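One-letter residues, chain by chain:
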Amino acid sequence: MNVETGELAELIQLYAAYAACIDEERFDDWPAFFTEDCVYRLVARENHEAGYPLAIMSLKGVAGLRDRVYGVTSTLFHAPYYQRHVIGLPLVKGRDGGALLVEANYQVIRTKRDKPSDLFNVGRYVDRVVRAGAGLKFAEKLCVFDSELIPNSIIYPI
Amino acid sequence: MNVATSIAPDAAAAFDGIWPDDGSSRIPARVYTDPAVYRRELDRFFYGRHWSYVGLEAEVPEPGRFKRTAIGERSVIMIRNRQGEINVLENRCAHRAMRFCQEKFGKVKTLVCPYHQWNYNHDGKLLGVPFQRGVKGKGGMPEDFALTDRSLRRLKVTVRNGVVFASFDDDVEPFEDYLGPDVLRYFDRTFDGRELVVQGYSRQRIPGNWKLMMENIKDPYHPGLLHTWFVTYGLWRADNQSQLVMDRHHRHACMISKRSETVDAEVTKGVTSFRKNMQLNDESLLDIVAEPWWGGPTVCMTTIFPSVILQQQINSLSTRQIIPVGPDAFDFVWTHFAFDDDDEGMRARRMHQANLFGPGGLVSADDGEVIEFSQDGFEQDQGFATLCELGGTDVGNSDHMVTEGLIRGMYRYWREVMEI
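Going down the list, the sequences are from chains A and B. Start counting the first sequence at 1; every next residue gets the next number (the UniProt record's numbering). Start counting the second sequence at 1; every next residue gets the next number (the UniProt record's numbering).
No wet-lab data here; the hints were simulated from the structure. Take the hints with a grain of salt, since some may be wrong.
Said to hold, decoys possible - Covered by chain B, per the in silico footprint, the following chain A stretches (three or more residues, Cβ under 8 Å):
#1 71-77
#2 142-153
As the list claims (entries may be wrong) - No more than 16 Å apart at the CA atoms, straight line, and that leaves these computed lysine to aspartate or glutamate pairs for EDC-like:
#3 B/K104 <-> A/E49
#4 A/K60 <-> B/E283
#5 A/K60 <-> B/D282
#6 A/K112 <-> B/E369
#7 B/K104 <-> A/E148
#8 A/K60 <-> B/D287
#9 B/K269 <-> B/D239
#10 B/K156 <-> B/E176
#11 B/K104 <-> A/E46
#12 B/K104 <-> A/D146
#13 A/K115 <-> B/D376
#14 A/K112 <-> B/D376
#15 B/K107 <-> B/E57
None of the values given here were measured: they were computed from a predicted structure. A virtual CB, placed ideally from N, CA and C, is assigned to each residue, including glycine.
If we strip away everything but chain A, and leave its shape as in the complex, we get (with noise of 0.2 Å):
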């Protein structure tokens, strides 16, 4: 797949940014990230290749993103922690239409008061990328996570 040095670097500059804001919880920044009518899923890889609808996430459009920043910073009782995002280069797998098919590895590190930190969830995402006004916006972000369990639960975007 062809691309050009210039669409890269926005890509790399796009999946540095997100991880920069989920990372400083800036979560009432995150939806900005998206289209208004975007879809945001988090997947355990068995579901996603055995083909089942189920996601531990499933979101609808910045509205539902909003509804879950609601619930991340307001209703939801948890352990508080810190998550670190590592991000491996994004590559270009294709194009459909104006958008761009990017695919790249993900860790996240959680670390949670007085303990150490812990590799807390492994993926890939799958992501359709669109040009909205002057930069790129997830039109479709799905995180295909590989760990077989989740320490006891996930609250905040991956």
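Fit chain B to the given chain A structure using the hints.
Using the frame of chain A, we list chain B on its own:
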């Protein structure tokens, strides 16, 4: 498994003084932390005369299809044989104890242990072993070696309306008697023989004692307090019409409730999690469609001791299997399902509402979190005992939620079986 022989006579002394009174309303910390208590629980509940959840028949739709899971800490394989019957076999080769099955799902002609290629049929019968008669007259199995002596351990199985349970004890009572008529009625309310369709799995490891999850679903006190969503949208609130029902042994329970459309000020006064002005951006999360089989209640949470919780919460349906992995942790496996005769809209609705529950649930991801913190509290002071006396110290069914009677019921039964 014969319980009596699994416990050394002198081991009984280890349990002296764990439970200082004769009630079930103050539960000592050691019940959640002591490895010897846990060991006895495995023997008497999970490997003893009880039924444990294994899966749904729909997970193994044709001969040779299998699913690997566990009862307690013992790995088992649910497999359909050529006659279409469901077997549950222990995942342990009769030769060298290999847990030979490593895939979670699959389809096989025979079950083969790769170590020495011992080969079993779908009923667990040993079909053959390499070099049984030796090679060129040398070696081989002894004269008295018989294939029939070396089957895989085959558990007693019951299938009721598509749901599979198994027991290590052949003398376990019939499943219908095990549940008793009142709990069976609610079991059959969801599982009435309609064909089931698996919609996917969630798997989490919760660092707490397995009984805390049973308690969580026998505790109608917390949902309208911990879970902002339940109280705000009336999905679970103290002014809901409700029923708490147990079997005669008090080991299983159903919490049944009907969503309140209006708010009674008395039940939200002072409840900090109630958000009068909370607004959803995506209102489709509350696109609840009443189904005829509900017969009114919008929620029915059934605990089938010791291994599974059956959930109907509005249109979301799941089984939640409890697989203990030590006194201080358990795996919690959610199997979401729909009915084969659901239309596309209802299937999608069940999945959309699944957002509310499970390890990342917008409403109830915090259940696992509170269980972890309770366990932390037990670990830090073995002399502590919980207070479980909302609604008194007795055990019984009720028509309201302001009671911890189901938990007391479970521990009354637990003490009888555990002899603690």
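Structure-based check of each hint:
1. Look at the stretch 71-77 of chain A against chain B: 5 of its residues bring a Cβ nearer than 8 Å to a Cβ of that chain, three or more, so the hint holds.
2. For the stretch 142-153 of chain A, the stated coverage by chain B holds: 6 residues have a C-beta nearer than 8 Å to a C-beta of that chain, and at least 3 were required.
3. A C-alpha spacing of about 13 Å is found between B/K104 and A/E49, which places the hinted pair at or below 16 Å, so the restraint holds.
4. Between the alpha carbons of A/K60 and B/E283 the distance comes to roughly 11 Å, so the proposed pair stays at or under 16 Å and holds.
5. With a C-alpha separation of about 8 Å, the suggested pairing of A/K60 with B/D282 holds against the 16 Å cut-off.
6. Between A/K112 and B/E369 the CA atoms are separated by roughly 12 Å; this keeps the pair inside 16 Å, and the hint holds.
7. A distance of roughly 11 Å separates the Cα atoms of B/K104 and A/E148; the hinted pair therefore holds under the 16 Å criterion.
8. Proximity of A/K60 to B/D287 is assessed by CA-CA distance (about 14 Å); at most 16 Å being required, the pair is judged to hold.
9. Simply put, B/K269 and B/D239 have alpha-carbon atoms about 12 Å apart, close enough for the 16 Å limit, and the pair holds.
10. Among the hinted pairs, B/K156 with B/E176 is consistent with the structure: their alpha-carbon atoms are about 14 Å apart, no more than 16 Å.
11. With a C-alpha separation of about 10 Å, the suggested pair B/K104 and A/E46 falls inside the 16 Å cut-off, and the hint holds.
12. In summary, the hint linking B/K104 to A/D146 is supported, as the alpha carbons are separated by about 14 Å, within the 16 Å threshold.
13. Among the hinted pairs, A/K115 with B/D376 is consistent with the structure: their alpha-carbon atoms are about 13 Å apart, no more than 16 Å.
14. Distance restraint check for A/K112 and B/D376: the Cα-Cα separation of roughly 14 Å lies within the 16 Å cut-off, and the hinted pair is therefore satisfied.
15. A threshold of 16 Å between alpha carbons decides the hint, and for B/K107 with B/E57 the separation of about 14 Å falls inside it, so the pair holds.
Of the numbered hints stated above, none is contradicted by the structure.
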